[in-house]
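For the protein sequence lines, the chains are A and B, in the order given. Numbering (my numbering) for the first sequence: 1 to 393. Numbering (my numbering) for the second sequence: 394 to 605.
Read the hints as simulated data drawn from the structure, not as lab findings. Warning: the hint list may mix true and false statements.
[Said to hold, decoys possible] Quick partial rundown of chain B residues pointing at chain A, CB under 10 Å, derived from the structure:
1. Asp-413
2. Lys-418
3. Leu-420
4. Phe-424
5. Ser-426
6. Asn-462
7. Ala-497
8. Lys-508
9. Ser-544
10. Ala-597
11. Lys-599
[Unchecked claim] Coverage of chain A stretches by chain B, computed from C-beta distances (three or more under 8 Å per stretch; other residues unrestricted):
12. 208–217
13. 288–296
Idealized CB from N, CA, C, for every residue including glycine.
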Amino acid sequence: MALHDMRPPLPTDAEMADRKPSSALRKKAITGLFAAVSPAASGQSGIIRIVALPLTTAILTIAIFIIDTVTPYEISAATFYVVVVLLSSRFCRTQGVVTASIICAVLTIVSFVLTPDGNLRSGIANTLISLVAIGATTYLAIKIESARVLAERAQTHLAHVARITTLGEMAASIAHEVNQPLAAIVTNANACTRWMRADPPNTEKVAESIDSIVDDATRASEVINRVRALATRAEMTKAWMVINDVVKDVLALMQTRLQENRVTVHTNLSGDLPMIFGDRVQLQQVVLNLMANAIDAINATPNGERGIQIESSRFKTCDVMIRIEDPGVGIDPAASGHLFDAFHSTKSGGLGIGLSLCRSIIEAHGGDIWAAPNKPRGATFCFTLPGERESAR
Amino acid sequence: MSRVQPSHDSEGTVVVVDDDPSVRKALTNLFSSVGLTAHTFASTREFLAWPLPDAPLCMVLDVRMPGKNGLDFQQEFSRSHEEIPVVFITAHGDIPMSVRAMKAGAIEFLTKPFKDQDLLDAIYTGLTKSRTRREETAAIADLCARYDSLSAREREVMDMVVKGQLSKQIAAKLRLSEITVKVCRSQLMRKMHTTSLLELGRMAEKLERLRN
Numbered sequence: 001m002a003l004h005d006m007r008p009p010l011p012t013d014a015e016m017a018d019r020k021p022s023s024a025l026r027k028k029a030i031t032g033l034f035a036a037v038s039p040a041a042s043g044q045s046g047i048i049r050i051v052a053l054p055l056t057t058a059i060l061t062i063a064i065f066i067i068d069t070v071t072p073y074e075i076s077a078a079t080f081y082v083v084v085v086l087l088s089s090r091f092c093r094t095q096g097v098v099t100a101s102i103i104c105a106v107l108t109i110v111s112f113v114l115t116p117d118g119n120l121r122s123g124i125a126n127t128l129i130s131l132v133a134i135g136a137t138t139y140l141a142i143k144i145e146s147a148r149v150l151a152e153r154a155q156t157h158l159a160h161v162a163r164i165t166t167l168g169e170m171a172a173s174i175a176h177e178v179n180q181p182l183a184a185i186v187t188n189a190n191a192c193t194r195w196m197r198a199d200p201p202n203t204e205k206v207a208e209s210i211d212s213i214v215d216d217a218t219r220a221s222e223v224i225n226r227v228r229a230l231a232t233r234a235e236m237t238k239a240w241m242v243i244n245d246v247v248k249d250v251l252a253l254m255q256t257r258l259q260e261n262r263v264t265v266h267t268n269l270s271g272d273l274p275m276i277f278g279d280r281v282q283l284q285q286v287v288l289n290l291m292a293n294a295i296d297a298i299n300a301t302p303n304g305e306r307g308i309q310i311e312s313s314r315f316k317t318c319d320v321m322i323r324i325e326d327p328g329v330g331i332d333p334a335a336s337g338h339l340f341d342a343f344h345s346t347k348s349g350g351l352g353i354g355l356s357l358c359r360s361i362i363e364a365h366g367g368d369i370w371a372a373p374n375k376p377r378g379a380t381f382c383f384t385l386p387g388e389r390e391s392a393r
Numbered sequence: 394m395s396r397v398q399p400s401h402d403s404e405g406t407v408v409v410v411d412d413d414p415s416v417r418k419a420l421t422n423l424f425s426s427v428g429l430t431a432h433t434f435a436s437t438r439e440f441l442a443w444p445l446p447d448a449p450l451c452m453v454l455d456v457r458m459p460g461k462n463g464l465d466f467q468q469e470f471s472r473s474h475e476e477i478p479v480v481f482i483t484a485h486g487d488i489p490m491s492v493r494a495m496k497a498g499a500i501e502f503l504t505k506p507f508k509d510q511d512l513l514d515a516i517y518t519g520l521t522k523s524r525t526r527r528e529e530t531a532a533i534a535d536l537c538a539r540y541d542s543l544s545a546r547e548r549e550v551m552d553m554v555v556k557g558q559l560s561k562q563i564a565a566k567l568r569l570s571e572i573t574v575k576v577c578r579s580q581l582m583r584k585m586h587t588t589s590l591l592e593l594g595r596m597a598e599k600l601e602r603l604r605n
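This is chain B alone, in the form it adopts within the complex:
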């Protein structure tokens, strides 16, 4: 329990949705004892009214709640918010319930009363996952922005370059001088923030995948 957590783990927010006030209070206490910020909500409706912060998030969700139950909520919510991992806690779990939760992408399914370290481990895993997902999303957005900044001609040239064609071949196909193609090529490499053809190829592949 005296385990020292890596410093980057202290960033990020834990969201607790549980209808039991004493459980909410206890979880807030536990999280603050390890330096995690927690926001608690009595229902999923209350949570949805909350503006999501721009930071890594991990959600602790009770299964049985008035209104929508945790499992149904997760299924709906994860469709639009894939980047927020969910840890389930329940006072009466059974196997079908946990299978359903894990299939829908939950990090962990804990039965109350649970070991604090189990919960904290799950939370740290969740926060790391959230952080990675956010970074990935940011990287993709960045890549798209870079690609969007290319002119039509540069895109054409990039397409051919990554297919392995030489400047001479490209010039012939586009009826341009080889010099023009070379200038265009160095310009697009600069705009895409890369110096290696291999990396450019990888970017093109990623963009292709996104387009599909």
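For reference, chain A alone in the conformation it holds in the complex:
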């Protein structure tokens, strides 16, 4: 049951044929839901943040400078620099905001020098007022910015805590995964000793045994690396990846838990998906939380079906969508409004962290997450992530 070659049981052709009509129906239902639940294009916000906002800010700065310079001293266009400072705080950290405000102040003074006509006294007064306004706005923007950084750090910490909790639950699973290659190593080493002590020693078999030992040790260390990747507390480290690999990683890690709960997983991962740019560990966490929820929901209906369906597909041409569908208890209509709220849980032992964490991670990636009830029962959780666009890379 090697982590790397662990694959969810693939449905047979007959099963697939069975499932097709119902899955087509579900697709229709879900497409309808998209229109109702997520009207906004999920990938746009990221692009705006990276390119459009700084551009607007720069254009605005130049415009204010020109207007302030050509108009007489009485018209104080320079006060509008506060808008520039506020805008810069949207896409810059503290240092960037300070730089922007210094540029604005310098431009104000340059305009004052360059302005050809008007009352000099009101010119001086207006310039001073503008400078004070820029200074005050900068101060406030920096305060807001530092609060935001603190909040982000707290969230990272929360994600870490939730991750560790899940890890605790998976300790048995990890022990199992590490013990398998260890058992193989010990057994091969013992066999190796026997081959060496044979008369005459069977060197071919000795070499074969040692090769096996090396392979198994590599596998054990791979398991450890995966676990460490899940457990390390890291800031977002984004990279290009295929979302299907994330799903497969999580399935591999959850194999034991799925078996213990007698839950089967049917995957339908599309091979034709755009790459996504994101933090692998965080996205693993999202899939893991959604899967864990699905298992809990199934366990809450002891005599129901025990199959989870995971699908990846293209969404709105450039984006990627993951759908996790379970036949469990479903969503309480009363709770549906608070599903993704922090510290809101419908489970007796729940902390209400899982889904809120999923939402913050998906939103930080510029995606969308939502849930819908299944017919006749169960729930479907979907999330989208902006995919690679030709221009974005």
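Starting from the known structure of chain A, arrange chain B on it as the hints suggest.
Coordinates of chain B only, in the frame set by chain A:
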């Protein structure tokens, strides 16, 4: 580890059912290093599709496997194949699990990674047990065949003989001459391949037990 195994132990086949390919490979390596033949299977379903050889068998079964787990499989399988002993190996054993396995008749319950000698000892015990059980089964089949070859009259006489009746008494009861009874008696002794009355008695007892 350099212990020399008795020669008869090298006969027999080990069946390994474990879903982990590297564990299967390692076990095959270990078994072949001591001269045991091993057949490996990734699942119990794969194993069931395999025609069982007519030789002593010992099974090494992993507890946690996709599909049916080892313990459930053992419980079902041992009902129809009592003669195949099972050794469990698991990467995460607990006490209830091992108790269940041993109660269902497992030879040994080993936690991965295990000592090779522990496993081999268990395998040798299992193979010996399998051999004994096969011999017992063969002996019983033989006895039944011998008894089946008796005529109705001979069976009647045998029944009375083992109850301790003398030829004279039997002759009186069956209204036969004593000579006829004596001839019949020697014939049934020959057919049952025995010369002693005591042994015949033991056979009769065994047959009685089988009938019940």
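Here is what the structure says about each hint:
Checking Asp-413 (chain B) against chain A by beta carbon gives a least distance of about 5 Å; that is within 10 Å, so the hint holds. Here the hint on Lys-418 (chain B) is kept, as its CB sits about 6 Å from the closest CB of chain A, short of 10 Å. About 6 Å separates the beta-carbon of Leu-420 (chain B) from the nearest beta-carbon of chain A, less than 10 Å, and the hint is met. A least Cβ separation of about 8 Å between Phe-424 (chain B) and chain A falls short of the 10 Å threshold, and the interface hint therefore holds.
For the restraint placing Ser-426 (chain B) at the interface with chain A, the shortest Cβ-Cβ distance is roughly 4 Å, inside the 10 Å limit, so the hint holds. Because the smallest distance between the Cβ of Asn-462 (chain B) and any Cβ of chain A comes to about 8 Å, under 10 Å, the interface hint for this residue holds. A least Cβ separation of about 20 Å between Ala-497 (chain B) and chain A goes past the 10 Å threshold, and the interface hint is therefore violated. With 10 Å as the threshold, the beta carbon of Lys-508 (chain B) comes within range of chain A, its nearest partner Cβ sitting at about 8 Å, so the hint holds.
The beta carbon of Ser-544 (chain B) is not positioned within 10 Å of any beta carbon in chain A (closest approach about 58 Å), and the interface hint is therefore violated. Against a cut-off of 10 Å between C-beta atoms, the interface hint on Ala-597 (chain B) is violated, since the closest Cβ of chain A lies about 50 Å away. The restraint placing Lys-599 (chain B) at the interface with chain A is violated, with a minimum CB-CB distance near 43 Å, outside the 10 Å limit. Coverage of the segment 208–217 of chain A by chain B holds. Counting CB-CB distances below 8 Å, 5 residues qualify, and the rule asks for three or more.
Check result for the segment 288–296 of chain A against chain B: violated, 0 residues qualifying (beta carbon to beta carbon below 8 Å, three or more required).
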